[in-house]
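Peer 1: Residue-level listing of the chains:
2 protein chains.
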Amino acid sequence: MFRKEIKVLDCTVRDGGLMNKWQFSKNFVKKVYDTCVEAGVDYMEIGYISSEDQFPRDQYGPWKFCAEEELREIVGDNNTNTKLSVMADIGRIKFDDIRPKSESVVDLFRVACYDYQIDKAIELAHHVMDKGYEATINLMAVSKVAERSLNEVLEDVAKSRVGTFYLVDSFGSLYSEDIHGLMDKYTKALPGKTIGFHGHNNQQLAFANTIECIIKGANMLDATMLGIGRGAGNCPMELLISFLKNPKYKLKPILRIIQEEMIPLQKQIDWGYFMPYMITGSQNDHPRSAMAWMDSDQKDDYVAYYESVMHGKDI
Amino acid sequence: MFRKEIKVLDCTVRDGGLMNKWQFSKNFVKKVYDTCVEAGVDYMEIGYISSEDQFPRDQYGPWKFCAEEELREIVGDNNTNTKLSVMADIGRIKFDDIRPKSESVVDLFRVACYDYQIDKAIELAHHVMDKGYEATINLMAVSKVAERSLNEVLEDVAKSRVGTFYLVDSFGSLYSEDIHGLMDKYTKALPGKTIGFHGHNNQQLAFANTIECIIKGANMLDATMLGIGRGAGNCPMELLISFLKNPKYKLKPILRIIQEEMIPLQKQIDWGYFMPYMITGSQNDHPRSAMAWMDSDQKDDYVAYYESVMHGKDI
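So the sequence lines, in the order shown, correspond to chains Z and D.
In terms of numbering that gives the first Met the number 0, the first sequence is residues 0 to 314.
In terms of numbering that gives the first Met the number 0, the second sequence is residues 0 to 314.
Hints are computed from structural coordinates only; laboratory data are not their basis.
Note that the Cβ used here is the ideal one computed from N, Cα and C, for glycine as well.
Be careful, since some hints might not be right.
[What the hints assert, rightly or not] Listed next, the in silico BS3-like pairs over lysine-lysine satisfying Cα-Cα at most 27 Å (straight line):
1. LYS244(Z) with LYS312(D)
2. LYS184(D) with LYS247(Z)
3. LYS251(D) with LYS298(Z)
4. LYS312(Z) with LYS6(D)
5. LYS312(Z) with LYS244(D)
6. LYS119(D) with LYS184(D)
7. LYS143(Z) with LYS251(D)
8. LYS249(Z) with LYS215(D)
9. LYS187(Z) with LYS215(D)
10. LYS298(D) with LYS312(Z)
11. LYS215(Z) with LYS184(D)
12. LYS3(D) with LYS312(Z)
13. LYS249(Z) with LYS298(D)
14. LYS251(Z) with LYS143(D)
15. LYS143(D) with LYS244(Z)
16. LYS6(Z) with LYS312(D)
[To be verified] Which residues of chain Z face chain D? A partial, calculated answer using Cβ under 10 Å:
17. LYS3
18. ILE5
19. LEU17
20. MET18
21. PHE206
22. PRO235
23. GLU237
24. PRO252
25. TYR301
26. GLU306
27. MET309
28. HIS310
Chain Z with its partners taken away, still in its complex shape:
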């Protein structure tokens, strides 16, 4: 698949950080950055941008804050073809704490929101655009959003100045027919805008769903090294780069960081295909109960987990 409009965004540090409170070493983050640059990845999302009073620094690593000076320790002035992205949660970053683009190495703000937050999300996206940044809106948990509410969201986004809107499979619960239906809906409602896709791998469908989104016209694609991310993780970068035929992408640097960093890291952090995550995905549930189970002494008792979430139903 070669389509020059396609952009790949690495969110290894940002989504992977959900598993370790963003306590990655600077050496690791630098290696992810160097890999993205060498592999031709278009954007690297280095973390969440948050105001300092939102989270305690002694519990959360630097990539939960994305302070300008800490970003520059990794990327310098970032004179590369890989743009730098940060994710903003509604209410976690004060407008006054966002400096003008001319004073920042960040290129892109991605605003994550639930359907009921869409007005706040558009306000924040417009604000960062006015300060000189690119912006996207990433509507989370769409698999739980009722039709009328989703229509309202799309109408609001259509009227906004925000150029990119993301289909997000937060629970890893969407099948290809869901993807096709939502992509049809999004592209019809948002003419002229770019559609992005962010998948989760609970049912081993993150890469497959990314391909379906490409077929249906999505041009901004999230992936992570060896699929690291919350719970079951995301679309594996190595699969996506192997699939895309654009000559600017290179697989070898990605294989290198996988063998040198990701495989050892997987021995410390249990992301990936585990039965509790598979079960929440197939049930279209938030993975929080599965993550709690994976942190407990019973983590390997899948039958007990299944019984607990099915509440005595016939299984």
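Fit chain D to the given chain Z structure using the hints.
Peer 2: Chain D alone, transformed into the frame defined by chain Z:
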């Protein structure tokens, strides 16, 4: 997804045996059988059927031969709703060594063949049908078969009495658009016949491709417990059963064997998503070089493997 015509076939022992020369304990095979029965799985494929002079017994376990008395040690007379299947490779089983169905607990012979073996495959399938068995033909490695040859195969199968023909993604290289094209071709060429699907998981697409086959009308679906199988393995049974809504299928017994048998087994046998298998899948290659690499001292050096298979190309 509920469609009453859909049948699920477990090939845990048969395809998984490619990783350990079928040296599973009788206790393990019995547990797989009990799980299939309890979970409502329609067929269990217990191994390859081979004449005794084809392979040395001191190197291969019983499930490479499927001698009647050894099958009965596991399943007795198999008075259950789960039918018993064996796979036959062309030239590995003498016709005279196949007893009449009235003397066997086997229900189904699946004949695996390459395109150039189709006449022999049809001859063998007709032979076992005449002896009272069900039969399928499983055309391997279709991703490497040229169009004219595939058309000939389909014409021959169409004229035969064989009722079920399998789409087999031997290398785990097929994408959804390949699946759609092949399913269109198979169903058009084989009116009235059942189409089956057997996937491999090199690119984490085995389950996704199974769903695409279901959408396109396939009604016989292969899967294995925790996806065990050659190299990257097959479509995970737990995902397929979670997806199918037919009330006869139960997930809980599958989760039980996964936690009690498959997770410990995975510490001994390296099936699953490893970079060498991912690379052969994305290159549409046989996994043999990846399997050799995974057996070598260099197994964790993915960059070296990639360089070796790309033969100095720009990567």
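Peer 1: Mind checking the alpha carbons of LYS187(Z) and LYS215(D) for me, to see if they're no more than 27 Å apart?
Peer 2: Distance of about 26 Å is within 27 Å: holds.
Peer 1: Could you grab the alpha-carbon distance between LYS249(Z) and LYS215(D) and see if it respects the 27 Å cut-off?
Peer 2: violated (34 Å)
Peer 1: Against chain D, is MET309(Z) within 10 Å by beta-carbon distance?
Peer 2: Where the cut-off is 10 Å and the nearest Cβ of chain D is about 9 Å from MET309(Z), the hint holds.
Peer 1: Please verify that hint: MET18(Z), Cβ, nearest Cβ of chain D, below 10 Å or not.
Peer 2: Because about 18 Å separates MET18(Z) from the closest Cβ in chain D, which is outside the 10 Å limit, the hint is violated.
Peer 1: Given LYS3(Z) was flagged as interface, is its beta-carbon under 10 Å from a beta-carbon of chain D?
Peer 2: With Cβ-Cβ at 19 Å, over 10 Å, it is violated.
Peer 1: So if I understand the rule, the pair passes when the alpha-carbon distance is 27 Å or less; does LYS143(D) with LYS244(Z) pass?
Peer 2: Holds. LYS143(D) to LYS244(Z) sits at ~20 Å (cutoff 27 Å).
Peer 1: Does LYS298(Z) sit within 27 Å of LYS251(D), going by the straight-line distance between their CA atoms?
Peer 2: holds (16 Å)
Peer 1: Given the hinted pair LYS6(Z) and LYS312(D), is their alpha-carbon gap at most 27 Å?
Peer 2: Holds - the C-alpha atoms of LYS312(D) and LYS6(Z) are around 24 Å apart, at most 27 Å.
Peer 1: Check whether the Cα positions of LYS119(D) and LYS184(D) lie no farther apart than 27 Å.
Peer 2: Cα-Cα ~22 Å, so holds.
Peer 1: Taken at face value, is the distance from the CA of LYS184(D) to the CA of LYS215(Z) at most 27 Å?
Peer 2: holds (23 Å)
Peer 1: For the hint on HIS310(Z), does the least C-beta distance to chain D fall short of 10 Å?
Peer 2: violated (14 Å)
Peer 1: At a threshold of 10 Å, is the proposed contact between PHE206(Z) and chain D supported by beta-carbon distances?
Peer 2: holds (5 Å)
Hints 2, 8, 10, 17, 18, 19, 20, 28, counting from the list given before, are not met by this structure.
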